[in-house]
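Residue numbers (this note's numbering), protein chains in the order written: chain A, 1044 to 1243; chain B, 1044 to 1243; chain C, 1044 to 1243.
FYI, nobody ran anything at the bench for these hints, they're computed from the structure.
Glycine included, every Cβ here is placed at the ideal spot set by N, Cα and C.
Heads up, some of the hints might be wrong.
[What the hints assert, rightly or not] Computed from the model, here is a short list of chain B residues facing chain A with C-beta under 8 Å: (1) 1098; (2) 1100; (3) 1107; (4) 1111; (5) 1177.
[Said to hold, decoys possible] Every beta carbon over 10 Å from chain A, so not counted as near; a handful from chain B, in silico: (6) 1132; (7) 1202; (8) 1229.
[As the list claims (entries may be wrong)] Taking beta-carbon pairs under 8 Å as the criterion, some of the chain C residues facing chain A (in silico): (9) 1183; (10) 1184; (11) 1186.
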Amino acid sequence: MYALDLIGTFVFAVSGGIRAVRHDLDALGIVVLAVATGVGGGLIRDMLLGATPPGAFRDELYLIACLIAAGAVFIAADRINPEWHTMRIADAIGLGVFAAAGAEKASQFGLGPIGIVMMAAVTATGGGVVRDVLVREVPAVISRDFYATATIIGGVVFVLLQPYNLPEPVLLGLVIAVCTGLRAFALWRSIKLPRTLRAP
Amino acid sequence: MYALDLIGTFVFAVSGGIRAVRHDLDALGIVVLAVATGVGGGLIRDMLLGATPPGAFRDELYLIACLIAAGAVFIAADRINPEWHTMRIADAIGLGVFAAAGAEKASQFGLGPIGIVMMAAVTATGGGVVRDVLVREVPAVISRDFYATATIIGGVVFVLLQPYNLPEPVLLGLVIAVCTGLRAFALWRSIKLPRTLRAP
Amino acid sequence: MYALDLIGTFVFAVSGGIRAVRHDLDALGIVVLAVATGVGGGLIRDMLLGATPPGAFRDELYLIACLIAAGAVFIAADRINPEWHTMRIADAIGLGVFAAAGAEKASQFGLGPIGIVMMAAVTATGGGVVRDVLVREVPAVISRDFYATATIIGGVVFVLLQPYNLPEPVLLGLVIAVCTGLRAFALWRSIKLPRTLRAP
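For reference, chain A alone in the conformation it holds in the complex:
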């Protein structure tokens, strides 16, 4: 779980760094967006839960993963393509891992079912929201089809399975499988959510 969490942070940080390059920002912009995207979701979650200082500050490996990602983007921006199949799969895995970690931490802090689902979504998508707001794009969470929805369904799975007292690795594994699976399936099939039942 810990290794997956670090990998998720790294992949998210790479996506943030790439965004900085696309917006023609300098080396510092790459670092800022890499860190914000990599640990932003967890920071917002921990501020909301009152779990301070946040996990990303207590274990600096997360920040180091972001800095390595920023360095990789700085050195080899021309060779990294976020549309790559591997990058997309890693991103989907990161999404699932972050959703599972967010749901579990929310549950430890005694939140109710809706709060748990919301924290799963915030942890997995919050970093991307910060990144998109900083570069002034409409956040993917509200515009990109079936991205945040996969994390919400992952959170719902966590809430539904919680009463059965499954061993923790099994519970989290199932959440990751559902969330990552849905995201990968949506990428493959280009699933879209409906807008409104009757548009105004």
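Please arrange chains B and C on chain A, whose structure you already have, making use of the hints.
Showing chains B and C alone in chain A's frame:
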């Protein structure tokens, strides 16, 4: 007070959902903007005060009110008009209730007079700021005449009346009356604030 | 240190107020941007560290400094020019003082070296990020050359000198000197950071 607080949350959430529809977002976007607008101000206030986990997570009725609002917008977006007289009045009431709740909570956490006024404004307008930043509009709080100003005056009334040890319902009722009344009056008369004394 | 901190808050608040005037906002917009810019960085730092209620609420002189700055901008917007030499120097001093204060507080809360550097940067640049997001400009922190970088180097100096147990005024003074000096030097010489090694 509790019922008013829930009604305020619901109305704010509807305004967030409507904004999502206007920006042509999908069902998830409606939910995200409804939740962010409905409970965002209280979440920011509680993070600033260190009142974690925030009230909106400890009593899930607030989140449920947001989800019902999102559902209503999703089903009947073509029939809801935020320019309606009823919607505007409900919004003005929500503004007053949130300002009073923010001032009271800040006072319980031992903040000084300016801090109390600021928390009244943050609670009442913070959700709208998050909503506007997410859809990339200039936040109403800094551009819309006499919206945040009404909450600030409500906070000032709270601070001025505090030393008289009024019963809590009377104190909060007066704050709501002043803030909501000012907002309604401003809507009716289109009051504007001055820009600078001498424009540069 | 305390006086410098207040001066930094005041200068940052003036820069926020000026931005409001440029965007043609009203008196309330001036107050909001002055407060957000003046104390925003410290608020974000304190929320991340769990140092709640934040310092700016416990000692209201900081908020008063912001309100005086807003009043000054409101009265004399046509006479204040943020390009002035004095304003720029004061801004560079504020940057250094905030970076030093952020690094010290992070160290008191037990953060590791990367966390300390990050908190130095967040404290010094966070207010400007909030200001820029509210008026929908690309945040200076990721677009303006050598602004945040100076705070990061200031944070690194703090981390490197920490083991030597220097008296606190000496340690903080050195951090301020390096950060402010670098910023002033960058202004004078128009230093820029590289973008990527090989642009894509």
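Now for the hints, and whether the structure bears them out:
1. The interface hint given for residue 1098 of chain B is violated, since its Cβ lies 11 Å from the closest Cβ of chain A, which is over the 8 Å cut-off.
2. Nearest Cβ of chain A to the Cβ of residue 1100 of chain B: about 4 Å, under the 8 Å cut. The hint holds.
3. For residue 1107 of chain B, the interface hint holds, since its Cβ comes within 8 Å of a Cβ in chain A; the closest pair sits about 7 Å apart.
4. With a least beta-carbon distance of about 12 Å to chain A, the hint placing residue 1111 of chain B at the interface is violated under the 8 Å criterion.
5. A least Cβ separation of about 6 Å between residue 1177 of chain B and chain A falls short of the 8 Å threshold, and the interface hint therefore holds.
6. Against the 10 Å criterion, residue 1132 of chain B stays outside the reach of chain A, whose nearest CB is about 21 Å from its own CB.
7. Residue-level check passed: residue 1202 of chain B sits 27 Å from the nearest beta carbon of chain A, beyond 10 Å.
8. Look at residue 1229 of chain B: its CB is around 27 Å from the nearest CB on chain A, clear of 10 Å, so calling it non-interface holds up.
9. With a cut of 8 Å, the hint placing residue 1183 of chain C at the interface with chain A is violated, because the nearest CB-to-CB distance is about 11 Å.
10. Annotation: interface hint on residue 1184 of chain C holds; nearest CB of chain A at approximately 6 Å, less than 8 Å.
11. With 8 Å as the threshold, the beta carbon of residue 1186 of chain C comes within range of chain A, its nearest partner Cβ sitting at about 6 Å, so the hint holds.
Hint compliance for this structure: hints 1, 4, 9 are not met, and every other hint is.
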